[in-house]
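Engineer: The residues making up each chain are set out below.
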Amino acid sequence: MPAVQETVERVKRIDVDQYRYGFETLIESDKAPKGLSEETVKFISEKKNEPAWMLQWRLEAYRRWLTMTEPTWARVDYPKIDFQDLYYYSAPKPKKTISSLDEIDPEILKTYEKLGIPLREVAMLEGVEPKVGEEDPARRKIAVDAVFDSVSVATTFKAELKKAGVIFMPISEAIREHPELVQKYLGSVVPTSDNFYATLNSAVFSDGSFVYVPPGVRCPMELSTYFRINERNTGQFERTLIIADKGSYVSYLEGCTAPQRDENQLHAAVVELVAHDDAEIKYSTVQNWYPGNSEGKGGIYNFVTKRGDCRGDRSKISWTQVETGSAITWKYPSCILRGDNSSGEFYSIAISNGYQQVDSGTKMIHLGKNTSSRIISKGIAAGKSQNTYRGLVTAHRKATGARNFTACDSLLIGDKCGAHTVPYIEAKNSSATFEHEATTSKISEDVLFYCIQRGLSQEEAVGLVVNGFVKDVLQQLPMEFAVEAQKLISISLEGSVG
Amino acid sequence: MALLEVKDLKVRVEEREILHGLTLTVNEGEVHAIMGPNGSGKSTLSHVIAGKPGYEVTDGQILFKGEDLLEMAPEERAAKGVFLAFQYPVEIPGVATMNFLRTALNAQRKARGEDEYSTPDFLKKVREVSKSLNIPQDMLKRGVNVGFSGGEKKRNEVLQMALFEPSLCILDEMDSGLDIDALRIAADGVNALRSPKRAMVVITHYQRLLNYIVPDVVHVMSKGRVVKSGGKELALELEASGYTQFEAA
Ligand SMILES: Nc1ncnc2c1ncn2[C@@H]1O[C@H](COP(=O)(O)OP(=O)(O)OP(=O)(O)O)[C@@H](O)[C@H]1O
Ligand SMILES: [Mg+2]
Numbered sequence: 000m001p002a003v004q005e006t007v008e009r010v011k012r013i014d015v016d017q018y019r020y021g022f023e024t025l026i027e028s029d030k031a032p033k034g035l036s037e038e039t040v041k042f043i044s045e046k047k048n049e050p051a052w053m054l055q056w057r058l059e060a061y062r063r064w065l066t067m068t069e070p071t072w073a074r075v076d077y078p079k080i081d082f083q084d085l086y087y088y089s090a091p092k093p094k095k096t097i098s099s100l101d102e103i104d105p106e107i108l109k110t111y112e113k114l115g116i117p118l119r120e121v122a123m124l125e126g127v128e129p130k131v132g133e134e135d136p137a138r139r140k141i142a143v144d145a146v147f148d149s150v151s152v153a154t155t156f157k158a159e160l161k162k163a164g165v166i167f168m169p170i171s172e173a174i175r176e177h178p179e180l181v182q183k184y185l186g187s188v189v190p191t192s193d194n195f196y197a198t199l200n201s202a203v204f205s206d207g208s209f210v211y212v213p214p215g216v217r218c219p220m221e222l223s224t225y226f227r228i229n230e231r232n233t234g235q236f237e238r239t240l241i242i243a244d245k246g247s248y249v250s251y252l253e254g255c256t257a258p259q260r261d262e263n264q265l266h267a268a269v270v271e272l273v274a275h276d277d278a279e280i281k282y283s284t285v286q287n288w289y290p291g292n293s294e295g296k297g298g299i300y301n302f303v304t305k306r307g308d309c310r311g312d313r314s315k316i317s318w319t320q321v322e323t324g325s326a327i328t329w330k331y332p333s334c335i336l337r338g339d340n341s342s343g344e345f346y347s348i349a350i351s352n353g354y355q356q357v358d359s360g361t362k363m364i365h366l367g368k369n370t371s372s373r374i375i376s377k378g379i380a381a382g383k384s385q386n387t388y389r390g391l392v393t394a395h396r397k398a399t400g401a402r403n404f405t406a407c408d409s410l411l412i413g414d415k416c417g418a419h420t421v422p423y424i425e426a427k428n429s430s431a432t433f434e435h436e437a438t439t440s441k442i443s444e445d446v447l448f449y450c451i452q453r454g455l456s457q458e459e460a461v462g463l464v465v466n467g468f469v470k471d472v473l474q475q476l477p478m479e480f481a482v483e484a485q486k487l488i489s490i491s492l493e494g495s496v497g
Numbered sequence: 000m001a002l003l004e005v006k007d008l009k010v011r012v013e014e015r016e017i018l019h020g021l022t023l024t025v026n027e028g029e030v031h032a033i034m035g036p037n038g039s040g041k042s043t044l045s046h047v048i049a050g051k052p053g054y055e056v057t058d059g060q061i062l063f064k065g066e067d068l069l070e071m072a073p074e075e076r077a078a079k080g081v082f083l084a085f086q087y088p089v090e091i092p093g094v095a096t097m098n099f100l101r102t103a104l105n106a107q108r109k110a111r112g113e114d115e116y117s118t119p120d121f122l123k124k125v126r127e128v129s130k131s132l133n134i135p136q137d138m139l140k141r142g143v144n145v146g147f148s149g150g151e152k153k154r155n156e157v158l159q160m161a162l163f164e165p166s167l168c169i170l171d172e173m174d175s176g177l178d179i180d181a182l183r184i185a186a187d188g189v190n191a192l193r194s195p196k197r198a199m200v201v202i203t204h205y206q207r208l209l210n211y212i213v214p215d216v217v218h219v220m221s222k223g224r225v226v227k228s229g230g231k232e233l234a235l236e237l238e239a240s241g242y243t244q245f246e247a248a
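Same order as they appear, the protein sequences are chains A and B.
Start counting the first sequence at 0; every next residue gets the next number (numbering that gives the first Met the number 0).
Start counting the second sequence at 0; every next residue gets the next number (numbering that gives the first Met the number 0).
This is chain A alone, in the form it adopts within the complex (with noise of 0.2 Å):
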């Protein structure tokens, strides 16, 4: 992905004030009007076209979030957020149905262009296949789905995927295109009244990407996603579902940025997978929302929840996230093993620095019988954050021969910076395995020093060392993303120490 390549390239020095994402696109837009009541969930339905069906969902979530309140198990601490204070649907201006990418606002382009996402590489644009002999592996393909503010505004490749029988398209479209299937599958994993960020999201979000496969398809290339927040004041609330049905393969990943700004901007995504029989899920994150500046000023409050469901047997879900952006993380992305022989996974670098709060982690609920599941989990803390695991591992009585691994490893850099392991066990049969390791360490001053003395400054010692500490994560990632998550690794460390 060569053009991911250059834009990281371009970054060079920068310190956390100089958020790499930091601008903004100047283009029009239609907004909701601010606030939130029955009337904003009307409008925002109404500007997509909304079946009557869509809107009664999400007027009973609504409803229902009403009588819901924040929560606040989590460590983390920020002032209340004004929930009628914000505006819940921004599309960029003039908001026609987009067919070709030519057709976009080519500010947005230039946006994109800046964010190193490839939307404008030819193959892409052209959408069209490389001739034999030509497959770089360099520049496999990837479909993209990008997220501008509340809108989806491309989808590139689609005419390929659907050759394979692939959807993929912004989930407003599979809404009015696909029905059947998402009303079968919306709310299966996480129902509407299931925790107060994701019954907001059921009530008022504006777009997000939609994938199925096809029993027994291999998804024939990566499939991607990129938010961007730009508008001052707008929460963005996407919805992700994917459905793998029984023996189809696909690996989904999704990026995220947001411009710097001094006031807080809120983000509660909701993702949901089903992996029927036989079929694999991959889903990887690369996070990096603006964190806030060196004092804690501004910053994205990142409220996701993201659960898979292995509704099959031999089914498989796989979580890998790389977090280094937000203010705030709450984010505990679940695997729910119900088919029998289903396993999940959740691989998982999470770095703080600055005044940044994360508390993050997963469940694996073991429902079906010799379930299994996996978790590596690398936490990273410097300057003055706090970095919190969280994970909970439960196995039901009828989940005989369940098994569950967990590894937790802590780094911390510099001693303002705290790092916690809150892991929560319960087996309620016998025959359950789980294995609990945790590690907690400060990184070594003679380990620096030598990387310091072979010529590496102290922050790309740093870097470096972060990355060794990574690495099993790392390598779970696709392997043009693991490329660009250890820069932004290194880049999200810079000014971490001295």
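Honestly, the hints are just simulated from the structure, not real lab data.
Warning: the hint list may mix true and false statements.
As the list claims (entries may be wrong) - Below are the BS3-like pairs computed for lysine-lysine, each with C-alpha atoms no more than 27 Å apart in a straight line:
#1 Lys-51/B x Lys-441/A
#2 Lys-470/A x Lys-441/A
#3 Lys-140/B x Lys-470/A
#4 Lys-51/B x Lys-383/A
#5 Lys-9/B x Lys-51/B
#6 Lys-415/A x Lys-383/A
Using the hints provided, position chain B with the ligands relative to the given structure of chain A.
Structural biologist: Using the frame of chain A, we list chain B with the ligands on its own:
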């Protein structure tokens, strides 16, 4: 010409003075040996020259090629040609040795305003050097020093020295933990790097190493000072009679 000049150096660690006015001059092309009892300050001297944090220089100066070394950041010293082979090389899990070598070499070259090595050139160079040091290629794929035997760690230090081509090589007890064969291989590696422009400071407890790496000058250190300097025969003398006669007052 003097490559390294240490003048009346006083160094404290955590409020305690370890070096009490140490003077040492090393000229280009020379090999100096420093011997001295445990705790006399040999490693401290090497750390201060390399710029390790935690040491407070209260007096004296260090010139390297006539420039004030103490004013330079440690990575700058490395790029300018100061190399320290550590007494205790550390392990860096997850960072492949090959990747480490390349990152470090290119960082130094960049600091000097030179072009980075291309991948094939770099690989060729590493292969050559590691072969001469009897280091299997497989070892270079492993994490830096992770699971290396004591001898392998020391050979890895010499490998880096050969690769970076520094002008001042400080070897802190490179002979400790090496068996006879490994010692010879490592010493051959070091000898191969002797050149009229390069100087070496070899810290050791054993005269045996100096049979392989024959020094021009031998210094005896005691309690934070150089108390005696002489030719290579001084090492033999020490071997025979121990340090007591040189104990500083
Ligand atoms: N970080 C430190 N804190 C306190 N004392 C220190 C520290 N580093 C070194 N010292 C002390 O300084 C003195 C000199 O130590 P140094 O390691 O330089 O000796 P050395 O000559 O290299 O010994 P050896 O032959 O055993 O390697 C010792 O008494 C040691 O305890
Ligand atoms: Mg020593």
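Engineer: Hint by hint, say whether it matches the structure.
Structural biologist: Going down the list of hints, with the structure as the test:
Note on Lys-51/B and Lys-441/A: the hinted pairing holds, with a Cα-Cα distance of about 18 Å set against a maximum of 27 Å. Taken as a hint, the Lys-470/A and Lys-441/A pair is honoured in the structure, with Cα atoms around 17 Å apart against an allowance of 27 Å. With a C-alpha separation of about 14 Å, the suggested pairing of Lys-140/B with Lys-470/A holds against the 27 Å cut-off. For the hint pairing Lys-51/B with Lys-383/A, the CA-to-CA distance comes to about 25 Å; that is within 27 Å, so the pair holds.
Distance restraint check for Lys-9/B and Lys-51/B: the Cα-Cα separation of roughly 15 Å lies within the 27 Å cut-off, and the hinted pair is therefore satisfied. Annotation: proposed proximity of Lys-415/A to Lys-383/A holds, straight-line Cα distance about 5 Å (limit 27 Å).
In this structure, every one of the numbered hints holds.
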